[in-house]
Amino acid sequence: GAVVSQHPSWVICKSGTSVKIECRSLDFQATTMFWYRQFPKQSLMLMATSNEGSKATYEQGVEKDKFLINHASLTLSTLTVTSAHPEDSSFYICGTGQGATGELFFGEGSRLTVL
Amino acid sequence: SQQGEEDPQALSIQEGENATMNCSYKTSINNLQWYRQNSGRGLVHLILIRSNEREKHSGRLRVTLDTSKKSSSLLITASRAADTASYFCATEAGGYNKLIFGAGTRLAVHP
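Protein chains in written order, with the numbering used here: chain A, 1 to 115; chain B, 1 to 111.
Keep in mind that the hints were calculated from the coordinates and are not lab data.
Among the hints, a few may not be true.
[Stated by the list, open to error] Where chain A lies over chain B, by a calculated footprint (3+ residues, C-beta under 8 Å): (1) 11-19; (2) 44-51; (3) 98-107.
[Claimed, not checked] SDA-like cross-link-like pairs, simulated, lysine to any residue; straight-line CA separation at most 20 Å: (4) A:Lys-64 to B:Gly-40; (5) B:Lys-98 to A:Thr-78; (6) B:Lys-98 to A:Thr-31; (7) B:Lys-98 to A:Pro-86; (8) A:Lys-66 to A:Pro-86; (9) B:Lys-98 to A:Gln-60; (10) B:Lys-98 to A:Gln-42; (11) B:Lys-98 to A:Tyr-58; (12) A:Lys-41 to B:Asn-38; (13) A:Lys-20 to B:Lys-26; (14) A:Lys-41 to B:Pro-8; (15) B:Lys-98 to A:Val-3; (16) A:Lys-41 to B:Arg-41; (17) B:Lys-98 to A:Leu-74; (18) B:Lys-26 to A:Met-45; (19) A:Lys-41 to B:Asn-97; (20) A:Lys-41 to B:Arg-60; (21) A:Lys-41 to B:Ala-82; (22) A:Lys-41 to B:Thr-84; (23) B:Lys-98 to A:Thr-75; (24) B:Lys-56 to A:Glu-59.
Since the structure is predicted, the reported quantities are computational estimates derived from the model, not experimental observations.
Just so you know, even glycine gets a beta-carbon here, dropped at the ideal spot from N, CA and C.
Pulled out of the complex, with its shape left as it was, chain B reads as follows (with noise of 0.2 Å):
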């Protein structure tokens, strides 16, 4: 089953734009992941933060995270056409590193 849902489900930029994602879950946490994935690719992990986390950057990204509206969001500042491709929001589910998905956001940067 899936954690939550994202939105947009589609995303068209500019390159030199801001990207931004936003991912809502169902069930307490104890920390949210963000992935990225190529088309046909396996997934790469982006960021971690915490359930006592509320703000957590590295390089060109920037997540937050309200525990109140039990939601994230992922910037990505600058875009790169390179940049292109599916963002996913993950959260554990009772076991250790078992992740759920949410639903994901395609991104196309254009140059």
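Chain A on its own, in the form it takes in the complex (with noise of 0.2 Å):
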């Protein structure tokens, strides 16, 4: 199966700040990235999906200018979480497919805590 490299797994940041999460195919080459957010004992809530070369496509609810994704790269996908408030704190999984089988392969995700 495909790998996807997700960095960093855990990050601490003050109010007000941003944090960039990236996602990165090792093997392969994702044209599309999904973007998902996971609080506790919750189930995954699809945010956005990433388009190499293209806007990304979010979902109802998902705010654009707070959650800023690039795909600029057939390798690499970013989420930037803009002015980070502790509401923000969660953890933040991407994952991409490959070819027609349907089944998604996921980064190791990352915990993002705001103080």
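Two chains, two frames, some hints: make the complex.
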């Protein structure tokens, strides 16, 4: 299966700062990357779909200006949480598909804590 | 948004017992998938069942799909402590590979 590397695995920041999370596909070209958010003991909520070379598609209720997504190359997609607040503290996971099987391959996730 | 519900929300069993988790969904599907997540980690794909399939096996995993009831079940036989994790079902939501996840079942297998 595909290998997806996500970095950092955890980050602590102060309110008002911005945090960038990177998601890399190591062994294939990812034209699409899905970004999910997960609160403790809850399910994954799809935030947005990033597409290489074009604008990301955001799910209803997700602030575009708050969660900036960039997919500038076929191997790298980034999520930037801007002007972070404590309520942005969460577990963020990226995932991408390969081929027509439908399954997704996920990064190990990034735990963000905003103080 | 979440596709549906899973039950139970939490399941605690002894090693060697079987674990059954259920998933319901709301819309028509091409396939349904099950994923596993260890605490604080990413998700790992377990098995995919297509809409025209009713049952599928993979090792100690058995998945069933009932499209008339819009439900699926995941059975883990002869459970082990290493099976302790959260299990999620997922269905595609109108986009290629775009998955919507169920609420998940937290499974604890005690030695």
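Going through the hints against the structure:
{"no.": "1", "hint": "11-19", "verdict": "violated (count 0)"}
{"no.": "2", "hint": "44-51", "verdict": "holds (count 3)"}
{"no.": "3", "hint": "98-107", "verdict": "holds (count 8)"}
{"no.": "4", "hint": "A:Lys-64 to B:Gly-40", "verdict": "violated, 26 Å"}
{"no.": "5", "hint": "B:Lys-98 to A:Thr-78", "verdict": "holds, 18 Å"}
{"no.": "6", "hint": "B:Lys-98 to A:Thr-31", "verdict": "holds, 13 Å"}
{"no.": "7", "hint": "B:Lys-98 to A:Pro-86", "verdict": "violated, 28 Å"}
{"no.": "8", "hint": "A:Lys-66 to A:Pro-86", "verdict": "holds, 13 Å"}
{"no.": "9", "hint": "B:Lys-98 to A:Gln-60", "verdict": "holds, 15 Å"}
{"no.": "10", "hint": "B:Lys-98 to A:Gln-42", "verdict": "holds, 19 Å"}
{"no.": "11", "hint": "B:Lys-98 to A:Tyr-58", "verdict": "holds, 12 Å"}
{"no.": "12", "hint": "A:Lys-41 to B:Asn-38", "verdict": "holds, 12 Å"}
{"no.": "13", "hint": "A:Lys-20 to B:Lys-26", "verdict": "violated, 34 Å"}
{"no.": "14", "hint": "A:Lys-41 to B:Pro-8", "verdict": "holds, 13 Å"}
{"no.": "15", "hint": "B:Lys-98 to A:Val-3", "verdict": "holds, 18 Å"}
{"no.": "16", "hint": "A:Lys-41 to B:Arg-41", "verdict": "holds, 12 Å"}
{"no.": "17", "hint": "B:Lys-98 to A:Leu-74", "verdict": "holds, 18 Å"}
{"no.": "18", "hint": "B:Lys-26 to A:Met-45", "verdict": "holds, 16 Å"}
{"no.": "19", "hint": "A:Lys-41 to B:Asn-97", "verdict": "violated, 24 Å"}
{"no.": "20", "hint": "A:Lys-41 to B:Arg-60", "verdict": "violated, 25 Å"}
{"no.": "21", "hint": "A:Lys-41 to B:Ala-82", "verdict": "holds, 19 Å"}
{"no.": "22", "hint": "A:Lys-41 to B:Thr-84", "verdict": "holds, 14 Å"}
{"no.": "23", "hint": "B:Lys-98 to A:Thr-75", "verdict": "holds, 18 Å"}
{"no.": "24", "hint": "B:Lys-56 to A:Glu-59", "verdict": "violated, 32 Å"}
Of the numbered hints given earlier, the model fails hints 1, 4, 7, 13, 19, 20, 24; all others are met.
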